[in-house]
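Novice: Here is how the chains run, residue by residue.
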Amino acid sequence: MTYPARVFFLGGLLSYRALFNWLTPWILVPTFLVAPIFQILLFAYIGRSANLESDEFYVIGNALQYTSLPCLFAMANMLGDERWSQTLGILLSSPASRLALFLGRSLPVILNGALVGAFGFVAGSLILDVHVPASAFAPLALVIVVTAVSCTGLGLVNGAIGLRVRESAVSSNIVFGLLLVLCGVNVPLDELPSWMETIGRALPLTHGIEAARELADGARLADVGGLIATEAAIGLVWAVIGCTLLRFLEVEARRRATLESS
Amino acid sequence: MNALRIFGAGWLMNMKSMLRSSLFVFTSLVEPLIMTTIAFYTVKAGGRQETLFYFAIGAGVMGIWSSTLFGSGGAISWQRWEGTLELLVASPPPLIVIVVPLTVATASIGIYSLTATLLWGRFVFGIPFHLAHPILFVVGLPIAIVAMGLLGLLIASTFVLYREANALSNMLEFPIALVTGLLFATSILPDWMRPLGWVLAPTWAVRVIREGALGGNPLFEIAMCVLLGCAYLVLASYFLRVLEVRARAKATLALA
Chain B
0 MTYPARVFFL
10 GGLLSYRALF
20 NWLTPWILVP
30 TFLVAPIFQI
40 LLFAYIGRSA
50 NLESDEFYVI
60 GNALQYTSLP
70 CLFAMANMLG
80 DERWSQTLGI
90 LLSSPASRLA
100 LFLGRSLPVI
110 LNGALVGAFG
120 FVAGSLILDV
130 HVPASAFAPL
140 ALVIVVTAVS
150 CTGLGLVNGA
160 IGLRVRESAV
170 SSNIVFGLLL
180 VLCGVNVPLD
190 ELPSWMETIG
200 RALPLTHGIE
210 AARELADGAR
220 LADVGGLIAT
230 EAAIGLVWAV
240 IGCTLLRFLE
250 VEARRRATLE
260 SS
Chain F
0 MNALRIFGAG
10 WLMNMKSMLR
20 SSLFVFTSLV
30 EPLIMTTIAF
40 YTVKAGGRQE
50 TLFYFAIGAG
60 VMGIWSSTLF
70 GSGGAISWQR
80 WEGTLELLVA
90 SPPPLIVIVV
100 PLTVATASIG
110 IYSLTATLLW
120 GRFVFGIPFH
130 LAHPILFVVG
140 LPIAIVAMGL
150 LGLLIASTFV
160 LYREANALSN
170 MLEFPIALVT
180 GLLFATSILP
190 DWMRPLGWVL
200 APTWAVRVIR
210 EGALGGNPLF
220 EIAMCVLLGC
230 AYLVLASYFL
240 RVLEVRARAK
250 ATLALA
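Residue numbers (numbering that gives the first Met the number 0), protein chains in the order written: chain B, 0 to 261; chain F, 0 to 255.
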């Protein structure tokens, strides 16, 4: 295995195992499996109370939005935990390729995000009796994976902020909340003010959610190809911004000697 | 007298300590604004603008609940991380006298949430702010907050044996908001789910605040807050005593 590949796969896997203290299911299960179900239920009942949208709307919106949870938190904690265990300096003084280092850490996170989204969708559909045609399952799985990739791109930006800000959980929570408001998760985009809709369309999730809702309503994969491609492209742009920002802030932190203290 | 002094000093110290945590301030301040914004556009799009104030109050109480839960989950864990839990347990006052101010302080910070939500609603979305019963509102609000703080105490008391309490407390935010009808009337919930809310203080707390603001007679709801608060205090006292002894016997207080 070449060095960059080793850093990518093994480094990513080790970093993932260390994240969130996943030596116990007591964190994994409440955070990734139980919380999304109750978010779906809460907003579905708010929607019923307001006579706004069907349960399907909230199941899809919130299940996909939950793919962003591991993507945002893991990418930020990735650097925060290195700082906490005093290995950040060692990591960043190594000659390893930064691209392999950071993208390797994002691969398990993408899988994690996709599984969380898929679980939320299945569980939410079963509990609220939402029927989706069987033919839509495979395309929906693709949309969930693309959305997880896209959210991880944004997560890289969030991770870069973790190089500058000590309490990265705050930025993760803020971004998670903004996605909830701006991406048409619980309120149709055309009901939001135009400036919010514009921002929402530049964020991950928005097009993925739109594609998933169309698929659930019977559209074919080809019909939503444009939305999926847009979602992937947006994720790529955020990932490029994230990698650039990581590099820039790393250099800045070394120059200002704030790597461990910021 | 000593217990009152410990309460006062503990409450003040924890208020100061938590207000320096940006994560805690976020949870108390920003999260309710996000919920209010979603509720506003949901209600507006559903054509039910007359219920905006109702939703805004619910979002504010949800903020109080979030900060209570977050603080309660951390009340024991933070002491454990700082290495002060053993000192607190070994000190002469009963553990409950030390933990009560921690959880009531987190609930008190929730006043920020309610204030921020109502101001956000008033100035950003133009939601009218009018108190139908100002005196009942002012009397009921602290009772509602203390009742939620004591529910937090009950939750915190079970966390003595549980290291990952924060994960569990984060998970409890939406389920309790769901069954207590913070953001919608509980009449739309399935029949089996409604009794779950009756034993949870936020159900009555939000009604106290809503009826104080929108009209109605919240005296029964205030009585329920007092009754539940007392029940939580008795239960928490029992749990803390039993679990503290067990943690000391197994030598897992710092490690649990």
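The hints are simulated quantities; they were obtained by calculation from the structure and are not laboratory data. These numbers come from a predicted model, not from an experiment. Do not rely on the hints blindly, as some may be mistaken.
[What the hints assert, rightly or not] Listed below are several chain B residues computed to face chain F (Cβ distance under 7 Å; list not exhaustive): (1) Phe31; (2) Val33; (3) Gln38; (4) Ser84; (5) Gln85.
For every residue, glycine included, the Cβ atom is placed at its ideal position computed from N, Cα and C.
Novice: So which of those numbered hints doesn't the model satisfy?
Specialist: 1, 4, 5
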